[in-house]
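Enquirer: Taking the numbering used here, I'd label the letters of the sequence shown as residues 1341 to 1517.
Hints listed in this document are in silico derivations from the structure and should not be mistaken for laboratory results. Glycine residues also receive a C-beta, built at the ideal position from the N, C-alpha and C atoms. Each statement offered as a hint is correct.
Under the rule of at most 27 Å between Cα atoms (straight-line distance), these lysine-lysine pairs were calculated in the DSSO-like manner: (1) K1473 to K1439; (2) K1346 to K1473; (3) K1481 to K1416; (4) K1389 to K1439; (5) K1367 to K1439; (6) K1380 to K1346; (7) K1376 to K1389; (8) K1376 to K1497; (9) K1449 to K1416.
Cβ pair distances, simulated, as ranges: (10) P1418 to R1356: 27 to 37 Å; (11) K1416 to T1379: 28 to 38 Å; (12) F1488 to L1369: 10 to 20 Å; (13) K1496 to G1399: 40 to 50 Å; (14) G1417 to K1346: 28 to 38 Å; (15) K1497 to R1348: 35 to 45 Å.
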Amino acid sequence: MSTTLKIRQLVPSDARVVSHFTQELAKFLKCPDGPKLSTKEIEHHLREKLFSGFVAYVGEVPVGVSTFSITYSSWKGPFMHSEDMYILQEYRRCGLAVKFLNEQFRFAKEHNLSRVEYDAMYWNVPIINLLQKMGAANMTKTEGWLRFRIDDEQIKKLVEKANKDDSHAPRLITMDQ
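Kindly generate the complete structure, drawing on both the sequences and the hints.
Expert: Listed below in structure tokens is the structure:
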């Protein structure tokens, strides 16, 4: 049996692996409701390049995954948002997280991305320490940035309210009209 570690970029056929590790990550992060995406949706999103990432194998066995998407800053241009990283328990603390991060850095450099951003749970001290060791700035401390989220249910409510409020006003005027 091979013990060679291989890391490669995700392809659509990795959707099942991504789904499995994302479910495991949800357990680790104490999020009992877990992810809602189906394997088919993940495969479609990979095919459409809505996100990307890397998968690590030892022999033929997947042992970890990291995912990211490219987003945009009107100040700096395109950048990477690192979404998830999950490594099987028995492969933690052996440098795989660093290898995933290094692959992200290579990707960012090859694609001329302006930065790589990470979110971390306040209690996940190992990843916080690793990111800081690699030179990541804690944006909450250094610049006071806080991250806010409006979920899909709230989006629906807000659109309903906006549609009601705007029912008698023009919605959008574009330069094309």
